[in-house]
Amino acid sequence: MTKAEKQKEPEKAPQWKPNIVGFLCNWCSYAGADLAGTSRIPYPCDVRIIRVPCSGRVDPLMILRAFREGADGVLVSGCHPGDCHYIEGNYYARRKFIALKKLLDHVGIDPRRFRVSWVSASEGRKWANVVEAVTRELLEVGPFRYEEDGDD
Amino acid sequence: MAAEYYRLNKDKVGELFERARADYDVVAKTRDANGNLVYGRPATFDDVAFVDEQPPMSAKAFALPQTETLVRYEREDEKIRAEGPEAEARDVLLFGVNICDAAAFDIIDHVFKWDYLDDPYLGRRADATLFALACAAVQQDCFCDRISYAEDGVDTVAYPLEGYYLVKVQTEKGRKLVERYHDLFDAEDGDAEAAINTFREKAGTAKKEPLLESARAGLEKAFEHADWEILASTCIGCGICTYTCPTCHCFDIQDEGSAIAGRRLRTWDHCTGRTFTAMPAHQPRDRQYKRYRQRLLHKFWYYPERFGPLLCTGCGRCITYCPVKINIKELVEYFGGLKDTPPGGARHGK
Amino acid sequence: MATIREELQAAVKKLFDDDKIDYFVGYAEDYGHTFPAILTKDSDPSRLTFDRKSYDNLANFLPELRGSRVGLICKQCEVRTLNVLAAEEQVERDKLVVVGVPCPAMLDPRKLTEGAADLDSLDESYWQEKCRRCLERNTPLADVFVGERVSTPTPAEGWPLLEEVEKMSAEERLAWWRRQMSLCIRCYACRLACPLCYCHQCFVEDNKPQWIDKSVAPENNLHYHIIRAVHLAGRCIECQECSRVCPVGIPVDVLNNVLSRDFAERFGYVSGETAETQPALTRYERDDKEDFIL
Amino acid sequence: MARVGVFICWCGANIASTVDMEKVTEAAAKLPHVVYATNYKYMCSDPGQKTILDAALEHKLDGIVVAACSPRMHEPTFRAVAAEAGINPYRMQMANIREQCSWVHGDVDEATAKAVDAVRMMVARVAQSLALEPIKVPVTKRALVIGGGIAGIQAALDVADGGVETILVERTPSIGGKMAGLDETFPTLDCSQCILTPKMVDASRSELIKLYTYCEVEKVDGAVGNFKVTIRKKAKYVNTELCNGCGDCWHKCPYKKIPSEFDFGVGNRTAIYVPFPQAVPNIPVIDRETCVFFKTGKCRACEKFCLRGAIDFEQEDEFEEVEVGAIIVATGYDLLDHTQMGEFRYGAIPDVITGLQFERMSSASGPTEGKILRPSNGEEPKVVVFVHCVGSRDENYKEYCSKICCMYSAKHAVILKHRIHDAQAYLFYIDVRAGGKGYEEFWKRACVEEGAEYLRGRVSRVYDEGGKVIVEGQDTLSGEQVEVAADLVVLATAVVPAKGSEELARILGISTDKDGFFNEAHPKLRPVDTATGGIFLAGCCQAPKDIPESVAQGSAAASKTLGLLSKEDITREPTVAVVDPLICTGCWNCVNVCPFGAPEKSEITITVDGKKVTRAVSNINEAKCEGCGLCVATCPGNCIDQRGFSDDQVYAEIGGYLERVRAAKNSD
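Protein chains in written order, with this note's numbering: chain H, 4 to 155; chain B, 2 to 351; chain Y, 95 to 388; chain G, 1131 to 1798.
Errors might be hidden in some of the hints.
Result set (SDA-like, lysine to any residue): computed pairs, CA atoms no more than 20 Å apart in a straight line [as the list claims (entries may be wrong)]:
no., chain 1, residue 1, chain 2, residue 2
1, B, Lys80, G, Ala1793
2, G, Lys1160, B, Asn35
3, Y, Lys189, Y, Glu251
4, Y, Lys261, H, Pro114
5, B, Lys80, G, Met1131
6, Y, Lys135, B, Thr342
7, G, Lys1160, B, Ala83
8, H, Lys20, G, Arg1745
9, Y, Lys189, G, Arg1745
10, B, Lys291, Y, Asp113
11, Y, Lys205, B, Thr342
What the hints contain is simulated information worked out from the structure, not anything from laboratory work.
Using the sequences provided together with the hints, build the complete structure.
Now the structure itself:
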């Protein structure tokens, strides 16, 4: 942690925890998350997991819906390129996410709010690290709200 | 009530605005972030655009907001709590509104108090006072000169004459406004109606014959006219004409939320859109020209048949902002038999 | 432009007389506007024109006329559109007669003041942004060409408005877009004026599930525009009709341009270049570049 | 409102020690749709299952949420329970509160909150879950084996033995594969040809096996149970009906100096040829690339000398479409292309050869009739260096171990000693991997009894000097720099997937790993299946293997195939994509992206404005859909949805979690 970040520390409300939606492909990342469990690798508690057949099933609409419903961050995780259970779903997904990412960055939504990872069924440790990293970053960014005032 | 006439000195307008802000929630034209003219709530008279130029959006949103919550609900354990929106208590003054915008309220009141009393609308309508500003020149595509009743029901109208505004008061609400700030108004002793007529002649807004009302007989025979298909097929089905229109008032009711909490709301809807009247298995207006025809005939046949006035004040926004520049006036004249040549020369020829 | 007008009207008359087409889609001038018109052989072609206010992307009217033989005025904008539509099997090229024109660059209606004198003489500062980037002023693919061919000036580089927005910080951009989105009235003219938004039902109209809330609020409006841009990724041909038609002046096309520029840089991808260019999101390379995946 | 029962499992202490069971139960009971919630020590046990059955009856449940372990563990169990309770199995959802909750979170409050959310999400999901019925597809009782090496031959024989017709496609002129070219085999040193050729003959004689040699798979349509396969029958320019394999043609062919592919260039062949004397079928083919007639239009020697008139220069490639219910892929391996690796000077120094070239030399039926000779001068080598791990276990080339090289290098050292008694073998190795029956004993024998010198270390440099090949390397055990002046250097080059594997993967719609080997469905539990139903793997196309493993996998794939084809029809998961034809525009995005060819171009006729209009629309072939949902997310008009992973279900899950968050955000 850099000095500057340490100084920022006290400003944060310590009790705030980010709400993170995780879309995990059934074959790699969901299995990887299961492996983290079987291997008892602890990680932060703030991701709620939605199982999808493939990262290619994840529609950008789902990601924006999660933000609209109040998520502070969204994580999509799939098989490594080339390892897709459905051969190439993650390659298409990657293009879609590149497009969405570009747009979210452009409209000024912090890039740390939308993350993608490749986690294989054997990477329990990596899954824990990904959640750790994503959670840490969101703690730095803070809660997400478009609304300037309370109404919607 | 019989019309009353007053004079308002041009240098008193700012004071009227500032003082009214203490008593009313004052809505006036101002500029938005992009420099567009909008009806908003400017804080000082410096931010007010007291001009006759039309903003793209009419003033109807102050009586019929684009999105309005009808009821909120919340479920806690087994209990469900529901509550309606709180009534907005404050009187609204629509300050410097165009006549074509102001006149619209009186027209659409009919539908909101017809068989069902629409409380949210009528409540806001009752609380609103209209202080209209007459146009010194016609706007790009407008045609209020072709509609007979364009000022009816407008509480007050200010005509910009040489050196002063001639203020015509037509309703009790208007009289209340003038009485409240009576020190700013002087009595008009001349022939006010004559002055107004001269002003209108000069501005180009004097009533002309034939009025669009006279097209109705023709329209009633034109439902199956073959040229609808070709003339209205350039319509792309967007909501610009209806959403910018001061008299279009259709809305949709939608729910947002979940089993835990949410709300029922209404939002503007538009008959030119393909989801309007679309049912799960059938869409009676299955082509765009039918949807456009519906809009036109509703305004110039069905509505007047039921309620009397045309559902149009001639503001011309639906032409100005139409992406494909469909001209409703030309089409009414053509299908109503007032004109032989179709706009752009397009005929189906079936 | 008297000559092009006459040539055009003669060409259209000939197409109808030779029974080559059932409909002609072009621009007519009437009641002070230039606007798209669909003509049949019984129509009066004397109002047909092609001028610097011939804004509309006429390819937008093809779905309505599908199955018929159509003559269509095509500027470079329409040509690129047709290529995308052809790649997606939305047009039947053999039923289409492309009427080529020399495009004089379209004017930006927002920059035109009331009663501007001579439209033909207005310089670049009055043009639409897209026209400064135009690669070919004389319709390629034309089956019939009317008017005198013109030279195409060197296309301008860059995306002025996009770059202006990008100069802002992330917070400022969010605030700027939020302000823009607070103006949006969800009339969907941007979508409906877009010849590539041809879905019979748009995601924003879905209500089961209702991905985008129906209430008109900045964040809902923004989500609609973002997803629309995703759906146009690698397809948008930058005709800017979405922005031109917006009644409240939101520069909607900036979002599309974000991806047009990025896909060109990242994938070497230019939409609508040929009729075989498959949409960018329905293809991939194993080594597509990205810099954000963990 | 649905009537959902929530059943929360303690999993002994596995869940209950970190997640507060009572709190989760209490929260679950209050959720919309939930009419019953309870917890139990082991929900998967008999009494646990009975709890569910009883509650389903008593509370008239129409949906079930089991909050327990991962659905990857017990989803089948609880789906069966649901079915028994009269509830559609697809209206049973599992909330994963063990692997993804209690086992990874220590704080009871946090873990309990997460478990409650998981239950909320699944309750919301169940409420949106439609009842689904498995899809039934009739089965074509015929199998296809691609690749006629030992794995493919074994698979074909076993499938045919089970009474099922089998098509064996081999792209070279003969079946037999790499094994046909090997000398003696480790660890028993029995002759490869002696054990293989009878199987080749069996395959050719079997009434149920149709050999398609010199053929390639061109296209595969359809799905498990009903594939349509287009086979390209390459022109042999020999009428197979008339040819009796007499050999006159290849003996008369004037063009004799063509390096033989089968011999890896150690020997030569003619332009019309059979790859090796024991070829099955024993019918030659003309290689168009090297035949003088095809180049110059003159020669036709073979035609002149063929007494049966079997030569036919007019032949062209033919295509045949066959229907099969299952496909076994056994396309084998090649060696890593040495042009990528300069350091061993392969190709530059003639006395540097690969292990497979050594096999051809030492094979009694090979070009040198079993004599091991230096290619440079035809003399017997006295000092031979064998280099292990050439390109394998090497980050610059292939990270994986090629598995067979340790054993065949040891075998080569033994054979060398047997053939040239005074020869000395040096073996540079990293580790000796000799896991296998009799393998450890075998390499020890090479080392101890046959006097092979094992040097632990990488070779750093190879160069020729004074008619010798100098091999420099390090012996990491002694720490000394070693230099051997060798007569012959044999490289144990890395095993890579056979050429064209990637293209075949695309044709078949199966995936490959990063090295290009075909992916099995599960690395441990489904090593023979691919992720695509009805396509199985055998032999080295999946990973490097020795002969017994290839044979075992060939038999395993055959048994899987027979299992599949023994059914009249097969059931497939109903979680397939569905198109709403009324809103489909026919943009074919789905057709473009689907890896399985499931969306098909189709038409509907609707009435618009009183007229019949025919529109091109997409239609999902359920038999082909693997349920990935890619088309669903790609369709811009949301015209496609996926049963079992529907938009409604995902939406409900998002809302199920976040409605609480959104409500909180709006209230402050």
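Results of checking the hints against the structure:
Taking the CA atoms of Lys80 of chain B and Ala1793 of chain G, the gap is near 16 Å; set against the 20 Å cutoff, the hint holds. With a C-alpha separation of about 49 Å, the suggested pairing of Lys1160 of chain G with Asn35 of chain B is violated against the 20 Å cut-off. Between Lys189 of chain Y and Glu251 of chain Y, the direct Cα distance comes to roughly 36 Å. Violation of the 20 Å bound is thereby established for this hinted pair. Between Lys261 of chain Y and Pro114 of chain H the alpha-carbon distance is near 17 Å, which keeps this suggested pair within the 20 Å criterion.
As the CA atoms of Lys80 of chain B and Met1131 of chain G are separated by approximately 15 Å, the hinted pair is consistent with the 20 Å bound. Between Lys135 of chain Y and Thr342 of chain B the alpha-carbon distance is near 15 Å, which keeps this suggested pair within the 20 Å criterion. Under the criterion of a C-alpha separation no larger than 20 Å, the hint pairing Lys1160 of chain G with Ala83 of chain B is consistent with the structure, at around 18 Å. A hinted pair counts as satisfied when its Cα atoms are at most 20 Å apart, and Lys20 of chain H with Arg1745 of chain G does not qualify at roughly 51 Å.
The hinted pair formed by Lys189 of chain Y and Arg1745 of chain G meets the criterion: a straight-line CA distance of about 16 Å does not exceed 20 Å. Distance check on the hinted pair: Lys291 of chain B and Asp113 of chain Y sit about 28 Å apart at the alpha-carbon level, beyond 20 Å; violated. Straight-line distance between C-alpha atoms of Lys205 of chain Y and Thr342 of chain B comes to about 32 Å, which puts the hinted pair past the 20 Å bound.
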